[in-house]
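Asks: Chain residues, written in single-letter form:
Protein chains: 2
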Amino acid sequence: MKLASLKGGRDGRLVVVSNDLAWYAPADAIASTLQAALDDWERCEPMLRAFAETLEHGGVPRERFHEHDAESPLPRAYQWADGSAYVNHVALVRQARGAEMPESFWTDPLMYQGGSDSFLGPRDPIPFADERWGLDLEAEVAVITGDVPQGASEQAALDAIRLVMLCNDVSLRSLIPGEIAKGFGFFQSKPASAFSPVAVSPDSLQGWRDGRLCGALEVELNGKPLGEADAGVDMTFGFGRLIAHAARTRKLGAGTIIGSGTVSNRGPDGGPGRPIADGGAGYSCLAELRTVETLQLGAPNTAFLKAGDIVRIEMRDERRRSIFGAIEQQVAGEQEAASR
Amino acid sequence: MKLASLKGGRDGRLVVVSNDLAWYAPADAIASTLQAALDDWERCEPMLRAFAETLEHGGVPRERFHEHDAESPLPRAYQWADGSAYVNHVALVRQARGAEMPESFWTDPLMYQGGSDSFLGPRDPIPFADERWGLDLEAEVAVITGDVPQGASEQAALDAIRLVMLCNDVSLRSLIPGEIAKGFGFFQSKPASAFSPVAVSPDSLQGWRDGRLCGALEVELNGKPLGEADAGVDMTFGFGRLIAHAARTRKLGAGTIIGSGTVSNRGPDGGPGRPIADGGAGYSCLAELRTVETLQLGAPNTAFLKAGDIVRIEMRDERRRSIFGAIEQQVAGEQEAASR
Numbered sequence: 101m102k103l104a105s106l107k108g109g110r111d112g113r114l115v116v117v118s119n120d121l122a123w124y125a126p127a128d129a130i131a132s133t134l135q136a137a138l139d140d141w142e143r144c145e146p147m148l149r150a151f152a153e154t155l156e157h158g159g160v161p162r163e164r165f166h167e168h169d170a171e172s173p174l175p176r177a178y179q180w181a182d183g184s185a186y187v188n189h190v191a192l193v194r195q196a197r198g199a200e201m202p203e204s205f206w207t208d209p210l211m212y213q214g215g216s217d218s219f220l221g222p223r224d225p226i227p228f229a230d231e232r233w234g235l236d237l238e239a240e241v242a243v244i245t246g247d248v249p250q251g252a253s254e255q256a257a258l259d260a261i262r263l264v265m266l267c268n269d270v271s272l273r274s275l276i277p278g279e280i281a282k283g284f285g286f287f288q289s290k291p292a293s294a295f296s297p298v299a300v301s302p303d304s305l306q307g308w309r310d311g312r313l314c315g316a317l318e319v320e321l322n323g324k325p326l327g328e329a330d331a332g333v334d335m336t337f338g339f340g341r342l343i344a345h346a347a348r349t350r351k352l353g354a355g356t357i358i359g360s361g362t363v364s365n366r367g368p369d370g371g372p373g374r375p376i377a378d379g380g381a382g383y384s385c386l387a388e389l390r391t392v393e394t395l396q397l398g399a400p401n402t403a404f405l406k407a408g409d410i411v412r413i414e415m416r417d418e419r420r421r422s423i424f425g426a427i428e429q430q431v432a433g434e435q436e437a438a439s440r
Numbered sequence: 101m102k103l104a105s106l107k108g109g110r111d112g113r114l115v116v117v118s119n120d121l122a123w124y125a126p127a128d129a130i131a132s133t134l135q136a137a138l139d140d141w142e143r144c145e146p147m148l149r150a151f152a153e154t155l156e157h158g159g160v161p162r163e164r165f166h167e168h169d170a171e172s173p174l175p176r177a178y179q180w181a182d183g184s185a186y187v188n189h190v191a192l193v194r195q196a197r198g199a200e201m202p203e204s205f206w207t208d209p210l211m212y213q214g215g216s217d218s219f220l221g222p223r224d225p226i227p228f229a230d231e232r233w234g235l236d237l238e239a240e241v242a243v244i245t246g247d248v249p250q251g252a253s254e255q256a257a258l259d260a261i262r263l264v265m266l267c268n269d270v271s272l273r274s275l276i277p278g279e280i281a282k283g284f285g286f287f288q289s290k291p292a293s294a295f296s297p298v299a300v301s302p303d304s305l306q307g308w309r310d311g312r313l314c315g316a317l318e319v320e321l322n323g324k325p326l327g328e329a330d331a332g333v334d335m336t337f338g339f340g341r342l343i344a345h346a347a348r349t350r351k352l353g354a355g356t357i358i359g360s361g362t363v364s365n366r367g368p369d370g371g372p373g374r375p376i377a378d379g380g381a382g383y384s385c386l387a388e389l390r391t392v393e394t395l396q397l398g399a400p401n402t403a404f405l406k407a408g409d410i411v412r413i414e415m416r417d418e419r420r421r422s423i424f425g426a427i428e429q430q431v432a433g434e435q436e437a438a439s440r
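Quick note, the sequences are listed as chains A and B, same order.
If you count the first sequence from 1, position 244 lands on 344 in my numbering, and the numbers rise without skipping.
If you count the second sequence from 1, position 141 lands on 241 in my numbering, and the numbers rise without skipping.
Among the hints, a few may not be true.
[To be verified] Derived BS3-like pairs: lysine-lysine, alpha-carbon spacing no greater than 30 Å straight-line:
| hint | chain 1 | residue 1 | chain 2 | residue 2 |
| --- | --- | --- | --- | --- |
| 1 | A | Lys107 | A | Lys406 |
| 2 | A | Lys282 | B | Lys351 |
| 3 | A | Lys351 | B | Lys282 |
| 4 | B | Lys406 | A | Lys107 |
| 5 | B | Lys282 | A | Lys282 |
| 6 | B | Lys406 | A | Lys351 |
| 7 | B | Lys351 | B | Lys282 |
What the hints contain is simulated information worked out from the structure, not anything from laboratory work.
The structure presented is a predicted model; accordingly, all values stated were derived computationally and were not measured.
The whole structure should be built from the sequences, with the hints applied where relevant.
Replies: What follows is the structure in structure tokens.
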């Protein structure tokens, strides 16, 4: 089952989308918004599934689905918590700045509470940021949960996963060290994230295994491949573990979004991954590329994002069909920002 | 204008409440939930104000308002960001654990992103926590904002404040050092917070000045006064500054809750405040009391909260009438937790 929220109002309008992303049909009669469906999932899910099935067979009035008409599946959410499940990525970034990584990072998930009051749409521009802030993308996998009781087991947490999406966790790298030093976590360094046009139920994902999404996460910058790391590889903590971590001391409300953190694969020798041009899996954010450059050349070679840059994040199935639709965002210029 | 959300569904039912908290009238006809009113404030506010005025004069059918029927005004929210505006509190806590406090803390607000997916009601039990986690209350003032554009000035931020509440920011003290060391901020150490039964518009608050709420924040533990610090005193950063800080790199969606951090007054000599029994203003959390004990006696004397303890947080006007209603929460026992 594939669901999307078409633009309209603060929470969008819930639609079911065909598997090939070509068609949609409004699901208003079942639930007006995705959050409303998640709030009442036991009732809504069977109806949405049946409706999606009928759409698949052309049995309901349908319209062409255009990814640029979609909001993030939850245009705003009650919770967005982002893990750092690809510990390889964390280890690399620390190594480059000469900071030691505690051994516990391999066994105890890192997770931060993100802002969820208004996400960017998957084709919305990334608002202009001061270039000194070090604007970066982070390509991730994310899941939406139902209600999760406090102290849920990993298996219960896995069972609570309702939908899977891709994410661009926009980050302001130059603001991160200062915020980490303050000890209260990220705030200004994490502006609004964007999610893929379509959210997909785990059972419809061929690559879904043990709370991990196997498959190459394709990341492009200005039309050139930047990364194609396999999201199912080197994910130290699966989503079951991440959700259980989040729910250790409190229940999680339906519609909670949990992120994987930047997807990252090691190189074949266990060291940093190589660029795609060199036959490697590349990188899912600029910080990791800059880290590898720093380790190899002594200094980063690649600039952070600037106005006009275009970021694209997508995952395809075996037949090269887009699974979630593409996040494709241009960095806004100063003028665009002012006119909003 | 005073608003509340009576229990019912995930978002409660919006009502207007009389100034003396004795009466309410359902505001469903204007907006079904407080979030819906905030989403469409320009349209809803004048209607809610007129309705509240009519209620005040007994001109509409009204019912007795019982604080224990109320949810937190926003039973769940799209954003909860908590500052540490009483820098005195931060300085004390650091001093007790021998950690230096950067000078910048006096000029650059500390703020963390909190979980907002399901708050506790003002009379709900605090879910059982492992006693080793160091359960604590934190009595705070909090505001609910409308939409705030990115880069808003302090004045624009002040103008965006819609409602003011009290807050019990429940904290698990023993989990904090570990989470701070990980660098990603609080997550497991900050379970669900609770807010006062009633939210009040700033113009209805006699003590509202320069984005600060003047007046004694009364905190009781098991019926004994713990704190009565003046929330308008020693608040290094007013709410205008806190909101502008939050909005520096991203807009804030309507219904964003911003907290003051634990209210804390210095002693008359500029040092730590004294207990109420010694004629001081006391403390708004146990950690600060334990800190003072550590500084004076070498070790804390007071235990953190345990099952059965009752916490009460309230603020009164000059005539000793409750302004926001009381947060009054009992710490649940293990059995109660299991039966939920």
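Asks: Now tell me, hint by hint, if it's right for this structure.
Replies: Results of checking the hints against the structure:
1. Lys107/A <-> Lys406/A: With Cα atoms ~27 Å apart, Lys107/A and Lys406/A stay inside 30 Å; holds.
2. Lys282/A <-> Lys351/B: Holds, at roughly 22 Å.
3. Lys351/A <-> Lys282/B: holds (22 Å)
4. Lys406/B <-> Lys107/A: violated (48 Å)
5. Lys282/B <-> Lys282/A: This hinted pair holds, its Cα atoms lying about 12 Å apart.
6. Lys406/B <-> Lys351/A: Holds. Lys406/B to Lys351/A sits at ~20 Å (cutoff 30 Å).
7. Lys351/B <-> Lys282/B: Distance of about 27 Å is within 30 Å: holds.
Hint 4 from the earlier list is the only one contradicted by this structure; the remaining hints agree with it.
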